[in-house]
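Engineer: What follows is each chain in one-letter form.
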Amino acid sequence: MAITAFLTDATICIGCKACEVACKEWNEVPEDGYVWSGLSYDNTKSLGASTWRHVLFLEQPLAAGPQLADTSDPFRWVFLSDVCKHCANAGCLEACPTGSIVRTEFGGVFVQKDVCNGCGYCVVSCPFGVIDKRYHDDGRAFKCTFCYDRQKVGLMPACATACPTESIQFGDMAELKERGKNRVAELKERGYGDARLYDPTETSVGGVHAISVILGEPEAYNLPPAPQVPTSYLKSAWTSAFVSAAILLAVVLAAFAIRL
Amino acid sequence: MTTASKTKPKATEARLGEIRESARREAPPPPPDIAVKTAVGALDPSETGYYGLPLLKPPTWTWEVPLYFFLGGISGVSACIAFAAQVFDAPTNLIRFALWVGLIGASICPLLLISDLGRPARFLNMLRVFKWRSPMSMGSWILVGFSGCVFVAVVGIELVARGYTHPAIVTVLWLGEAAAALTGLLLASYTGVLIGATAIPVWHENRKLLPAHFLTSGLGCAAGILELAGFLVPATQILGFAASGIETVIEILLTLRKGVADGPLHRGVSGKTLLMAGILEGPVALLIRIVWHAETWGRYTAAVCFLVGALMSRYAWIWAGRESSHDTKTLFALQRGR
Chain A
3 MAITAFLTDA
13 TICIGCKACE
23 VACKEWNEVP
33 EDGYVWSGLS
43 YDNTKSLGAS
53 TWRHVLFLEQ
63 PLAAGPQLAD
73 TSDPFRWVFL
83 SDVCKHCANA
93 GCLEACPTGS
103 IVRTEFGGVF
113 VQKDVCNGCG
123 YCVVSCPFGV
133 IDKRYHDDGR
143 AFKCTFCYDR
153 QKVGLMPACA
163 TACPTESIQF
173 GDMAELKERG
183 KNRVAELKER
193 GYGDARLYDP
203 TETSVGGVHA
213 ISVILGEPEA
223 YNLPPAPQVP
233 TSYLKSAWTS
243 AFVSAAILLA
253 VVLAAFAIRL
Chain B
7 MTTASKTKPK
17 ATEARLGEIR
27 ESARREAPPP
37 PPDIAVKTAV
47 GALDPSETGY
57 YGLPLLKPPT
67 WTWEVPLYFF
77 LGGISGVSAC
87 IAFAAQVFDA
97 PTNLIRFALW
107 VGLIGASICP
117 LLLISDLGRP
127 ARFLNMLRVF
137 KWRSPMSMGS
147 WILVGFSGCV
157 FVAVVGIELV
167 ARGYTHPAIV
177 TVLWLGEAAA
187 ALTGLLLASY
197 TGVLIGATAI
207 PVWHENRKLL
217 PAHFLTSGLG
227 CAAGILELAG
237 FLVPATQILG
247 FAASGIETVI
257 EILLTLRKGV
267 ADGPLHRGVS
277 GKTLLMAGIL
287 EGPVALLIRI
297 VWHAETWGRY
307 TAAVCFLVGA
317 LMSRYAWIWA
327 GRESSHDTKT
337 LFALQRGR
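Residue numbers (the numbering used here), protein chains in the order written: chain A, 3 to 262; chain B, 7 to 344.
By construction, these hints were calculated from the structure, which means they are not laboratory data. Glycine included, C-beta positions come from ideal geometry on N, C-alpha and C. One thing to keep in mind: the hints can contain errors.
Result set (DSSO-like, lysine-lysine): computed pairs, CA atoms no more than 27 Å apart in a straight line [as the list claims (entries may be wrong)]:
no., chain 1, residue 1, chain 2, residue 2
1, B, LYS278, B, LYS264
2, A, LYS115, B, LYS137
3, B, LYS335, B, LYS264
4, B, LYS137, A, LYS237
5, A, LYS237, B, LYS214
6, A, LYS190, A, LYS179
7, A, LYS237, B, LYS264
8, B, LYS335, A, LYS47
9, A, LYS47, A, LYS154
10, B, LYS214, B, LYS278
11, A, LYS179, A, LYS154
12, B, LYS335, B, LYS278
13, B, LYS137, B, LYS214
14, A, LYS154, A, LYS115
15, B, LYS214, B, LYS335
Covered, in the sense of this in silico footprint (three residues per stretch, anywhere, with C-beta under 8 Å from a C-beta of chain A), are these stretches of chain B [stated by the list, open to error]:
no., region
16, 128-137
17, 165-172
18, 220-232
19, 307-313
Only chain A is shown next, with the shape it has when bound in the complex:
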C-alpha cells in the first residue's frame, strides 16, 4: 500500500474554507461553535476535537507575499489550511493506553472511536496540539482520520477533493515532498524570500504525513519549530523513578532497622 501524505501550500490557498466544510460534511463532525473571534477571518482558532481542518488567516505587516503592492503600509494576508500531521512517531498513538489509536496502512494515525475511553492522555501528548476531547456531549478524543474510509476505496480525502485551488495536494509521500521542495525553490526564485517547507524530519517526531509550504517562520502559524515526541522523555523520567524508588526503599528499611 502506498504511503500517502498531504502537501498544503499557503501560497495557493485562497482562504475559502471549502476543506473545512467538506471535512465536516464527509466525516459528520459536529459544529465547533458559531463565535466570531475577531482574528481576521479565522473563527475556529485552532485544530481540535471538532475542527479537523483549520484555515489560518495571517495578517502581517510584510510586503513579500500575495497582496497588492505599492502601498505605504506593507501588509500581507496569508492563508494556510492546517491539519493533523500524522507524525511518523506520533505522540498520541504512543500514549494511548487502550490501543484505540493505530497506524493505518497508508501511514496515517487513526483513532478507533469504538475503543477510545476518553482518558485524555493523547491530548497532552500531541506536540502539535491537535487531538482533543469532546467534553460535554461525548468525552472521547477526536482528530483528523486522514479520511481512512475514503483512502480504503482509493478516493482522496474530502478536504483535498473539495479544494478549488489544489492548495491541498494529496498523494504519494515521497513525491509530494519532492514537489514541496521544488515549489519552495520556485517561490524563492520569484522573490518570496521567506518561503519554506514545513517538514520536521530532524526532530524525534521523525517526519510527518502533512507537510506545508509556508511563508515566514513556522511560529507565525503556531507550528512548533522543533516538535518532540514525548516518548523521547521516557528514559530519563523512568530512570529517575527507579533510582528514587530504590533510594526510598533503602531509607524505609533503614528507618525500621535503626529502631532495633
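Chain A is fixed; fit chain B onto it per the hints.
Structural biologist: Positioned in the frame of chain A, the structure of chain B alone reads:
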C-alpha cells in the same frame, strides 16, 4: 452530531464537487501582477505565535486525577513501609494498619480514575493492551498489580494475626508484602513519569524531578498517616524527618533554579499554591519536627502540615501544566534552544 446523520444523507462525491465549485465561484478574482518587495517591518512570531493563541491543548483531567496522584502515593509507600516493618519485626498492628491503608487507597484509586474518563463504562479498555511506551498503560497495570498484591498481603496478615501461622500462609504473606512494596513504589512514582513524558513544557522539563518529588511526598504522607493513627514509633519519626528534609531541598532547588519552562511554578495560582505546598511539606514540617520532636502534638502537626502540602502540590502541578500549555512563547524558546 448524531442528529445530523439521521436527517441528512451522507456526503457524496457529487456534494464534495459542489463544495469545490461554489468555493471557486465565490472566490475573489486573483490579484493583478504582484510586484514583490522584500519583507519589511517583520513581526517576531516567536513572541506572538498565531494571534497569541495557545499551540498545545491543556490537560483535560478533572479534580479526580491530582487526588488519585495523592492517594496512589500514600497507598504505594504505605505498602512499602509495611514490608520494611515486617522485615525488621515491627509490631503486627503497624504492619496491618499500613497494609490496610494500601488496600483502601488501592480501592479508591480506580474509582477516581474511572470517574475522570470521558467514557467511564469503557474503563476495562485500559487493560486491552500492555504498552511499555505508554505510562498511562503501565500505570493501569501497576495499579491492578498493586491492588492484587496488597489484597493478598492483607488477607495474609489478617490470617496470621488470628493465629493461622501455617508456613504456606506466612510465605504467601511475605510474597504479597514484597510484591506490594515493589509495585507500590512504582505506583507512587510512575505518576511523575506520566506527566513528565508529555508535550507540556513545565512537565517534561521537570521529568527527572517529578518522580522523586512524588515519591518523597508519598513517603511523608504514609508516615504521617501512621503517626496520626497513633504509631508514634521512632521509624515513622525518622521517615517524617527524611521526607520533609528532602522536600525542603526540592523546594530550595525549585526556587533557585528558575528553568526556562518553570514560569507556572512561580507565578499565578499554580505558582502560589506550589510555593505554599512546598513550604508546608518542607521547612514547616521539618522545623516542627526538630523543635517539638518529643511532643505528640508536634508530630501530629508536622504530619498534618505535610499531608496538606502534598495534596496541594499535586493540584498545583496539574494547574501548572494547564498554564504551561498556554505559554506558546516559552515553548518556542525551548524548541529554538533560546
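Engineer: Could you run down the list of hints and mark each one as holding or not?
Structural biologist: Hint check results:
A hinted pair counts as satisfied when its Cα atoms are at most 27 Å apart, and LYS278 (chain B) with LYS264 (chain B) qualifies at roughly 15 Å. The hinted pair formed by LYS115 (chain A) and LYS137 (chain B) meets the criterion: a straight-line CA distance of about 19 Å does not exceed 27 Å. As the CA atoms of LYS335 (chain B) and LYS264 (chain B) are separated by approximately 16 Å, the hinted pair is consistent with the 27 Å bound. Of the supplied pair hints, the one linking LYS137 (chain B) and LYS237 (chain A) holds, its CA atoms being roughly 15 Å apart against a limit of 27 Å.
For the given pair, LYS237 (chain A) sits about 10 Å from LYS214 (chain B) by alpha-carbon distance, which is consistent with the 27 Å threshold. Between LYS190 (chain A) and LYS179 (chain A), the direct Cα distance comes to roughly 17 Å. Compliance with the 27 Å bound is thereby established for this hinted pair. This hinted pair checks out: LYS237 (chain A) and LYS264 (chain B) have alpha carbons roughly 23 Å apart, not beyond 27 Å. A C-alpha spacing of about 17 Å is found between LYS335 (chain B) and LYS47 (chain A), which places the hinted pair at or below 27 Å, so the restraint holds.
Of the supplied pair hints, the one linking LYS47 (chain A) and LYS154 (chain A) is violated, its CA atoms being roughly 31 Å apart against a limit of 27 Å. Between LYS214 (chain B) and LYS278 (chain B) the alpha-carbon distance is near 22 Å, which keeps this suggested pair within the 27 Å criterion. At most 27 Å may separate the alpha-carbon atoms for a hinted pair to count; LYS179 (chain A) and LYS154 (chain A) meet this at roughly 22 Å. At most 27 Å may separate the alpha-carbon atoms for a hinted pair to count; LYS335 (chain B) and LYS278 (chain B) meet this at roughly 22 Å.
The suggested pairing of LYS137 (chain B) with LYS214 (chain B) holds, with an alpha-carbon distance near 21 Å, which does not exceed 27 Å. Distance restraint check for LYS154 (chain A) and LYS115 (chain A): the Cα-Cα separation of roughly 17 Å lies within the 27 Å cut-off, and the hinted pair is therefore satisfied. Between the alpha carbons of LYS214 (chain B) and LYS335 (chain B) the distance comes to roughly 23 Å, so the proposed pair stays at or under 27 Å and holds. Counting residues of the region 128-137 of chain B whose CB falls under 8 Å from any CB of chain A gives 7; the rule of at least 3 is met.
Residues of the region 165-172 of chain B lying with their CB closer than 8 Å to a CB of chain A number 0, which falls below the three-residue condition for coverage. Residue count for the region 220-232 of chain B with a Cβ under 8 Å from a Cβ of chain A: 3. That meets the three needed, and the coverage hint holds. Counting residues of the region 307-313 of chain B whose beta carbon lies closer than 8 Å to any beta carbon of chain A gives 0, which falls below the threshold of three, so the coverage claim is violated.
The structure shown violates the earlier hints numbered 9, 17, 19.
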